[in-house]
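Given only the sequences and the hints, what does the whole structure look like? Please build it.
Number of protein chains: 2
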Amino acid sequence: MSDMTRVALDAMGGDNAPREIVKGAVEAVQQRKDIQILLTGQEEVLKKELSQYTYPEEQIRIVGATEVIETAEPPVKAIRAKKDSSIVVAMKMVKNGEADAFVSAGSTGAVLVGGQVLVGRIKGVERPPLAPLLPTLKGVSLLIDCGANVDARPSHLVQFAKMGSIYMESVIGKKNPTVGIVNIGAEEEKGNALVKETFPLLKACPDINFVGSVEAREIPYGNVDVIVCEAFVGNVILKLYEGVGGALMKKVKQGMMSDLRSKVGALLVKPALKATLKDFDASEHGGAPLLGLNGLVVKTHGSSTSREVCNSIIQCVTFKEQKINEKIKAAIQKTHEESKESE
Amino acid sequence: MSDMTRVALDAMGGDNAPREIVKGAVEAVQQRKDIQILLTGQEEVLKKELSQYTYPEEQIRIVGATEVIETAEPPVKAIRAKKDSSIVVAMKMVKNGEADAFVSAGSTGAVLVGGQVLVGRIKGVERPPLAPLLPTLKGVSLLIDCGANVDARPSHLVQFAKMGSIYMESVIGKKNPTVGIVNIGAEEEKGNALVKETFPLLKACPDINFVGSVEAREIPYGNVDVIVCEAFVGNVILKLYEGVGGALMKKVKQGMMSDLRSKVGALLVKPALKATLKDFDASEHGGAPLLGLNGLVVKTHGSSTSREVCNSIIQCVTFKEQKINEKIKAAIQKTHEESKESE
Numbered sequence: 111m112s113d114m115t116r117v118a119l120d121a122m123g124g125d126n127a128p129r130e131i132v133k134g135a136v137e138a139v140q141q142r143k144d145i146q147i148l149l150t151g152q153e154e155v156l157k158k159e160l161s162q163y164t165y166p167e168e169q170i171r172i173v174g175a176t177e178v179i180e181t182a183e184p185p186v187k188a189i190r191a192k193k194d195s196s197i198v199v200a201m202k203m204v205k206n207g208e209a210d211a212f213v214s215a216g217s218t219g220a221v222l223v224g225g226q227v228l229v230g231r232i233k234g235v236e237r238p239p240l241a242p243l244l245p246t247l248k249g250v251s252l253l254i255d256c257g258a259n260v261d262a263r264p265s266h267l268v269q270f271a272k273m274g275s276i277y278m279e280s281v282i283g284k285k286n287p288t289v290g291i292v293n294i295g296a297e298e299e300k301g302n303a304l305v306k307e308t309f310p311l312l313k314a315c316p317d318i319n320f321v322g323s324v325e326a327r328e329i330p331y332g333n334v335d336v337i338v339c340e341a342f343v344g345n346v347i348l349k350l351y352e353g354v355g356g357a358l359m360k361k362v363k364q365g366m367m368s369d370l371r372s373k374v375g376a377l378l379v380k381p382a383l384k385a386t387l388k389d390f391d392a393s394e395h396g397g398a399p400l401l402g403l404n405g406l407v408v409k410t411h412g413s414s415t416s417r418e419v420c421n422s423i424i425q426c427v428t429f430k431e432q433k434i435n436e437k438i439k440a441a442i443q444k445t446h447e448e449s450k451e452s453e
Numbered sequence: 111m112s113d114m115t116r117v118a119l120d121a122m123g124g125d126n127a128p129r130e131i132v133k134g135a136v137e138a139v140q141q142r143k144d145i146q147i148l149l150t151g152q153e154e155v156l157k158k159e160l161s162q163y164t165y166p167e168e169q170i171r172i173v174g175a176t177e178v179i180e181t182a183e184p185p186v187k188a189i190r191a192k193k194d195s196s197i198v199v200a201m202k203m204v205k206n207g208e209a210d211a212f213v214s215a216g217s218t219g220a221v222l223v224g225g226q227v228l229v230g231r232i233k234g235v236e237r238p239p240l241a242p243l244l245p246t247l248k249g250v251s252l253l254i255d256c257g258a259n260v261d262a263r264p265s266h267l268v269q270f271a272k273m274g275s276i277y278m279e280s281v282i283g284k285k286n287p288t289v290g291i292v293n294i295g296a297e298e299e300k301g302n303a304l305v306k307e308t309f310p311l312l313k314a315c316p317d318i319n320f321v322g323s324v325e326a327r328e329i330p331y332g333n334v335d336v337i338v339c340e341a342f343v344g345n346v347i348l349k350l351y352e353g354v355g356g357a358l359m360k361k362v363k364q365g366m367m368s369d370l371r372s373k374v375g376a377l378l379v380k381p382a383l384k385a386t387l388k389d390f391d392a393s394e395h396g397g398a399p400l401l402g403l404n405g406l407v408v409k410t411h412g413s414s415t416s417r418e419v420c421n422s423i424i425q426c427v428t429f430k431e432q433k434i435n436e437k438i439k440a441a442i443q444k445t446h447e448e449s450k451e452s453e
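Taken in order, these protein sequences are the chains called A and B.
Last residue of the first sequence: number 453 in our numbering, and the count goes up by one each step with no gaps.
Last residue of the second sequence: number 453 in our numbering, and the count goes up by one each step with no gaps.
In case anyone wonders, no lab produced these hints; they're calculated from the structure.
Honestly, I wouldn't trust all of these hints.
You can't tell identical chains apart in this list, so a pair holds if it fits in one copy or across any two.
To be verified - Result set (SDA-like, lysine to any residue): computed pairs, CA atoms no more than 25 Å apart in a straight line:
{"#": "1", "residue 1": "157", "residue 2": "144"}
{"#": "2", "residue 1": "300", "residue 2": "352"}
{"#": "3", "residue 1": "193", "residue 2": "431"}
{"#": "4", "residue 1": "193", "residue 2": "445"}
{"#": "5", "residue 1": "300", "residue 2": "413"}
Note that the coordinates shown come from a computational prediction; the quantities given were computed from them, not determined experimentally.
Put into structure tokens, the structure is as follows:
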């Protein structure tokens, strides 16, 4: 049983819930024998969804939760009021040690608040960052933080850099990952007050491979592995990435369909183009972990399909196997001791 | 003479100076009879460059400036120390009324500092924003502010919204342009401290067509005309736009060249694709104006070629004809009166 990764899955969250969430759960257990899924949500609905599939039934268990938290609800209030919601029920299982991880495509706000209030932070972690993987020309980079904590302080960003480095090294397998801080110029003296204060702290940090400022222009080229920024900027980066990519592909398609000659060409180009562009699709890379909590919390995109849900579930196995939280605890503990020594 | 737009052009600034700058000046006067260019820089060098072209010679005058401000120089120091630089000499001509506008592809920092210190702000303007046009699926949107003022206050953003609206309406010809504030969610209660404070101020502003929050994802689709944000976020948006676009096009090309079938297709698709993508190329839209100064200051991209320099010069004519600065003065004045009344 201890070799199993137990994932509490919010079956009611996201634009395509419960259909795609349930399907993603089924796909995950069809692929892996070491995953146990605890599917939280309205029992009758989920039973009906599951009845469509053939899968190893002992690997998926429905855990009843009558309420649903909607995306538009104020998160703090929703988490407090809807104690029998699919999110709260699932998170409590992580808190109580009944599940190792939690995955949701539901309200980002509710997941972030629930993560802090219900699952709780690792001792010493000031703020848990949301850290999605961005596709780049060289593979993926980790964008940290991206939505959890606006108006962050320099010490938060230093912790983000450390936690992000651990994740990139242990889960993604990037040895000694490079760390950069998002800035509006390459020079150390550039930036806003937050960046100017954080830069020397990162430079002085012995546990990370800090390479200095990274301008937003360079991010898609993948020269920096861990991209540190405060959440407002991170959110803008993540969403603009998606927006420019989508708009540009629309433009490319329009261009290819503008006359007969191009239409013929488009037919020839399409298969190879599709395969190449798949690498640049964020949904291929699973959900974004909320790091620094007593258990893994993964937020997948609201529009997730079964593929993304399945990828996010499988990601939890690596996270558990690699003992990420033990590593984060050790890193944070070490920082505390260092700062005591320097006092 | 009063029908002429007199443009002081920094011939020494930018990656391709002086060659492309001088060429851009020649192209501008070849196209328009109503432009007078004052080319600032090293006299001998510029004479030699100009000697390659045939053009109406009375429309370009060389104004000697022996020094050059490099991009890496600290801007405040450079503006103070290099009094005979192409930037300082040109800006002083705007200040003295010898030129209507200033165009440079040189150090952004020096242009921003020089704009404030040498050209000076319009009375009542708290901070002059840099406002580039972003290509979108529907045309262009104005991104304001984008590099001039980090750590801005809510009152600055309100002025940006007003100045941006005037520019979009008068120079770009968009009637009653919509204004949005960059935010991390659509709801009014979302955002960091700056956005939360600014949102109600914009909502209460009678002179602009405020439509609420705009998420970064939506920007490339062009549903909002004037995109208000503080400079750090604006700089990230501008540069990431460029980065994602460039990386994705590289990926598209790779995809098209991956096998023989695709290579044939690529040949057929290429001309139509190129024409469509031209619309999504920021360099087609001229430089970014630095608004709210006693004269027009335009910053073009450091890697500008003659086409962008020429477009930026021609943009100055519309700016002058449309009396943008008179309109900005009136709008700022009106705000002062309104805030006095409400006191």
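A quick look at each hint next to the structure:
no. : hint         : result
1   : 157 with 144 : within (22 Å within a copy, 76 Å between copies)
2   : 300 with 352 : between (27 Å within a copy, 20 Å between copies)
3   : 193 with 431 : neither (31 Å within a copy, 63 Å between copies)
4   : 193 with 445 : neither (36 Å within a copy, 49 Å between copies)
5   : 300 with 413 : between (37 Å within a copy, 20 Å between copies)
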